[in-house]
Amino acid sequence: MKQFKTILGFELTNYFQNKVFLGVTLFLVITIAVVTNLPGIISAFSDSGVFSEDTIALTVADGLDAEYYKSLFSSAFEGSRIEITDDAEAMVQSGDASCGFYVDGEQDLRYFVPNITLTDSRGYTALEVMRSAAQYTGLVKNGVSPEDAAAILNPEINLETVNLGVDQTQNYLYTYVMVIALYMVILIYGQMVASAVAAEKSSRCMEVLITSADPVAMMFGKVIAAGAAGLFQLVAVFGSGFFFFNLNRGALEDIPVVGSLFDIPLELLIYMIVYFILGFFIYAFLYGAVGSMVSKVEEVGSAILPVNFSFIIVYMVVIFSLSSGSIDNIAMKVCSFFPLTSSMAMFARIALSSVPLWEKLTSVAILVVSVFGVGVLSAKIYRAGVLLYGVKPTIPQIIKALRKA
Amino acid sequence: MVLTLKNIRKSFGEKEVLKGFTFSAESGEALGILGRNGAGKTTTIRILMGVFPSDSGEVLVDGAPIDYAKTGIGYLPEERGLYPKKKIIDQLTYFARLKGMEKADAVKSIDRWLERLGMSEHRNHELGTLSKGNQQKIQLVTALAHDPDIIILDEPFSGLDPVNAILLKDVVKEEIALGKIVLFSSHQMNYVEEFCSSIVILNGGEAVLQGKTDEIMREHGKNLTDLFVEYASDRI
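Chains as they are written, first to last, in our numbering: chain A, 2 to 406; chain B, 183 to 418.
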């Protein structure tokens, strides 16, 4: 235990003395500070006229009610300013408007746009505006009173949703963020563990280490230190995010994505932390074991490919299931119990569907037992692997070495 | 204290590396473990240090199985290397603490050794900034700082200039005088002759010649180099 503490302390100090690690953390915190303060910064500049409100130019042919069309466009393009002009095309060309429309008749519309972007839908929005207007005018012309015409075109329908499970629209974001964060932390820190072990081996530092410390303490110390460093970075990033969010709550609360991100239910937060830590450890142990089997740091990249691939496949399954909406598909159900995949898959299911308690507990229990199992196994591979120099050992050789270890 | 390795056998796969190797060494003496490359010296050292177990045989201290918590071992491996990017004092403290020392005692002992080896000025430097010979002196501190009962030195003189070689010779002699057991592995027979009151020549996984150095040389009428060539060469 004393050795474990010494190793943990040493490895943690390595991370916190690493300028790249500190630099990246600081960079992320500053980026978050800038992003969360962006609404304030923008409004400060817009007062001075640097940023202006989006303007849409509107030209209406003679004989048509320009103000009527302006009001229709205003309600359809919320957040944009509709400016009546004689020449919408010229305004767009000069850059005074982001786009423009020429209403040539009740059923004729021209759309001016500097460039059609991939997501541009303003032409269709305007088309809908014109269609409603034409329908309304048609009804009124045929003797329907304006009130009745409005009622026919916009009937009031009441929708009452009775949610019997979880709200996917709300939890979707946490799941996405957690899955991506776990993916990144495992890939980055897992590989750091593998590289650190390989570096000790290639510098022959291992000769002293392996004769000074118990390999189980070495492996657990290294992996837990990497986990703590990763967690520290996440806490720094999300903590500063939370801090700056509260500081700018007024401006940010209206943005639904940001608002819901910091409104995570406690139960889900606990599952997130549990699965995050366990999911990280199981992979970090594997990376550590792989790192001990290569002789040089340069070989780490190719040696960890099988671990990376299996991990990327899990990530894909979860991401596809997330986007497809069928979160409880059979692949996800299997993945939510298999220890290498449950951290992502089960968390996604808990967040986005109604998972019975026994399933959650079973999944966590399997994962906990597996983390310790893989940890001890990795330490044995480590003990056998660190003394193998030269040719990369084959799988049968590793199994043989494991039996002896 | 008497260290005894008794009938040690060890195979890796089909290859039997040690075939019943036996030797013993006493406090206040240096034992030269000699043998050609691949003779099984490193495997013997690793079994002695508990890195992996032997297939059969025993490692005994005063007749009882070795207790690593009570018997300290210091090791200077032939393949040298520490953390090139870490401060010397930080990594030496780390290794001493892994050997069970408290931080304050570790720092005190390390400072004493750095002073003894003329390395105090480099205390706060990164290891990678030092010359190979000086790095070797730093590595020697990892073997000695925790005041071990048994000191294993594997080719300690390779890469040292004559001045540093004399310094190391003095240090080894002091340790022997302090009553430590020194196990010395080297191909430089002049050093073996100078330090080791006993030798054991390992060939093909077993001891082919062992005893008091001067007695063996007198008996055979040969110096150590000739004895090494005769006994270490034909069985591998």
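Some hints here could point you the wrong way.
[As the list claims (entries may be wrong)] In the BS3-like style, the derived pairs of lysine-lysine whose C-alpha atoms are separated by at most 27 Å in a straight line are: (1) A:LYS20 x B:LYS188; (2) B:LYS252 x B:LYS267; (3) B:LYS197 x A:LYS381; (4) B:LYS314 x B:LYS351; (5) A:LYS297 x B:LYS267; (6) B:LYS201 x B:LYS188; (7) B:LYS268 x A:LYS6; (8) A:LYS381 x A:LYS6; (9) B:LYS252 x B:LYS188; (10) A:LYS381 x B:LYS351; (11) B:LYS290 x A:LYS297; (12) B:LYS188 x A:LYS6; (13) A:LYS6 x B:LYS252; (14) A:LYS142 x A:LYS71; (15) A:LYS20 x B:LYS268; (16) B:LYS314 x B:LYS252; (17) A:LYS6 x B:LYS285; (18) B:LYS201 x A:LYS297; (19) A:LYS3 x B:LYS201; (20) B:LYS267 x A:LYS3; (21) B:LYS314 x A:LYS3; (22) B:LYS355 x A:LYS3; (23) A:LYS20 x B:LYS355; (24) B:LYS269 x B:LYS197; (25) B:LYS188 x A:LYS297; (26) A:LYS3 x B:LYS197; (27) A:LYS381 x B:LYS201; (28) B:LYS351 x A:LYS3; (29) B:LYS269 x A:LYS20; (30) A:LYS6 x B:LYS197; (31) A:LYS297 x B:LYS197; (32) A:LYS361 x A:LYS334; (33) B:LYS394 x B:LYS355; (34) B:LYS351 x A:LYS6; (35) A:LYS297 x A:LYS381.
[As the list claims (entries may be wrong)] Chain B is nowhere near these chain A residues, computed Cβ spacing over 12 Å in every case: (36) ILE8; (37) GLN18; (38) ILE181; (39) ILE225; (40) ILE320.
Hints in this document: simulated from the structure, not taken from any laboratory.
We put the beta carbon where it would ideally sit given N, CA and C, even for glycine.
TODO: Tell me, in ascending order, the numbers of any earlier hints that this structure violates.
DONE: The structure conflicts with hints 1, 2, 10, 11, 12, 16, 18, 19, 21, 22, 23, 24, 25, 26, 28, 30, 34, 36 and 37, although it agrees with all the remaining ones.
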